[in-house]
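Novice: Required output: the full structure, derived from the provided sequences and hints.
If you want the building blocks of each chain, they are given just below.
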Amino acid sequence: MRTIALERSVAMIPDGACLMIGGFMSVGTPERVIDEMVRQNKRDLTVIANDTAMPGKGIGKLVQAKLVRKIIVSHIGLNPETQRQMMTDELEVELVPQGTLVERIRAGGHGLGGILTQTGIGTPVETGKQRIEVNGKTYLLEIALRADFALVQAFIADYLGNLSYALTARNFNPIIAMAADTVIASADNIVPVGVISPDHVVTPAPVVDYVVANA
Amino acid sequence: MNPQTIIARRIARELSSGMLVNLGIGIPTLVANHVPSGMQVFFQSENGLIGTGSVPEDGMAHPMLTDAAGQPVTALPGASTFDSAMSFGLIRGGHLDLTVLGGLQVDQAGQLANWVIPNKMVPGMGGAMDLVSGAKRVIVAMQHTAKGSAKIVKKCTLPITSTRPVDWVVTELAVISFRDGRATLLETAPGVPVAQVVAATEADLVIPDHVPEMVQ
Chain A
273 MRTIALERSV AMIPDGACLM IGGFMSVGTP ERVIDEMVRQ NKRDLTVIAN
323 DTAMPGKGIG KLVQAKLVRK IIVSHIGLNP ETQRQMMTDE LEVELVPQGT
373 LVERIRAGGH GLGGILTQTG IGTPVETGKQ RIEVNGKTYL LEIALRADFA
423 LVQAFIADYL GNLSYALTAR NFNPIIAMAA DTVIASADNI VPVGVISPDH
473 VVTPAPVVDY VVANA
Chain B
-2 MNPQTIIARR IARELSSGML VNLGIGIPTL VANHVPSGMQ VFFQSENGLI
48 GTGSVPEDGM AHPMLTDAAG QPVTALPGAS TFDSAMSFGL IRGGHLDLTV
98 LGGLQVDQAG QLANWVIPNK MVPGMGGAMD LVSGAKRVIV AMQHTAKGSA
148 KIVKKCTLPI TSTRPVDWVV TELAVISFRD GRATLLETAP GVPVAQVVAA
198 TEADLVIPDH VPEMVQ
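If you're matching them up, the sequences are chains A and B in order.
Adding 272 to a residue's 1-based position in the first sequence gives its number in the numbering used here.
Counting along the second sequence from 1, when you hit position 109 you're at 106 in the numbering used here, and nothing is skipped either side.
Each hint should be verified, as a subset may be incorrect.
Residues of chain B placed beyond 10 Å of chain A at every Cβ, according to the derived structure [stated by the list, open to error]:
hint: 1; residue: Thr2
hint: 2; residue: Thr63
hint: 3; residue: Val189
hint: 4; residue: Val195
Covered stretches of chain B, as calculated for chain A (at least 3 residues, CB under 8 Å) [unchecked claim]:
hint: 5; region: 119 to 130
hint: 6; region: 149 to 160
What follows is a list of derived Cβ distance ranges for each label pair [stated by the list, open to error]:
hint: 7; chain 1: B; residue 1: Pro187; chain 2: A; residue 2: Asn486; range: 57 to 63 Å
hint: 8; chain 1: A; residue 1: Met284; chain 2: B; residue 2: Pro74; range: 42 to 48 Å
hint: 9; chain 1: A; residue 1: Asp460; chain 2: B; residue 2: Ala196; range: 54 to 60 Å
Think of the hints as simulated: they come from the structure by calculation, not from any bench.
Each residue gets a CB set at the ideal place from its N, CA and C atoms; glycine is no exception.
Specialist: Below, the structure written as structure tokens:
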């Protein structure tokens, strides 16, 4: 793990990159990194996340700035701008049931090709997917997801990159931290090694590539 | 009593101590206001919380303690937080005793549509498909009709949420069960005649000889 300045952390993300971004309605989303992405005008992005928050918050800022080409999310209901761009074909939207989305990401980060779930059978979600019978039950094969970068928000990071999370800001963060080639974490608090006790480390340091220096 | 309160109070009667329950946004949220005192029910918020409490008092909100709509909540004694994989493991894995969701349509086989109106309203399914597919018991809380047109229909015209039929629909007029692939009128709201329920329902209803009034 290396510490990195905010500007440099975003500079290494190329246009057209595929990003996983933590957060649930912007709670647990790395806002400083998002703001810097907007400032550096990173374009043509694919974003994998739970939702696109609301206008002016979290991933909503990327959508508003028209930096996103495709999103893979479970929910866009609180962001009318995302819905508008979807209707006018400016933005490609793949809607995935939330539990399936998080498991596809988990599979991608855990060396699995995909997962089997009953969620979505007989609905539009099934289109183009394979059914698999196991022990008399029918499941959908949902394939793994990975990304070029994961943008993770933790509550506490130590100098080595061990991460812990707070309350409902955890959500997708520890899952995406396993599923990207490069993991960029920012944290509300950066503390000496040992402050997070081993039992409270949720994301172990070796999976974190960069911790973004706080202002 | 307003329609939402009738629905929420009736569903609250299905709660018992120790249950793990997920409430959707809208009318379902109101069920939490009618938990009998002294009963401990664990409410799950799918963004990663068991033990969701009421809205915080002024000045007591925490930006990292929110419900599934991103709004501030409190956490009750005994609460726990976890990531989204655990949250949906609880939902799909047979750990969730009850989910209460809103609905756009329910058909007479009990199939629910509640996540999209094509080309009009595309909020996405969020956790709804996992909840309906995975919870031990599914109750839909909704108004009986929308602007005068039936929401309990013969066959859903909107894309469905799951092939798994819901167990009950509770409206301001009635409780309807969908056991054995049929829609059966279980109860009517106080003062509501059976004929009024039938008139407001497009689905074919099985009407038992005796239909009791909802206990409120």
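Novice: Of the hints given before, which are not true for this structure?
Specialist: Hint 2 is the one this structure does not satisfy, whereas the remaining hints hold.
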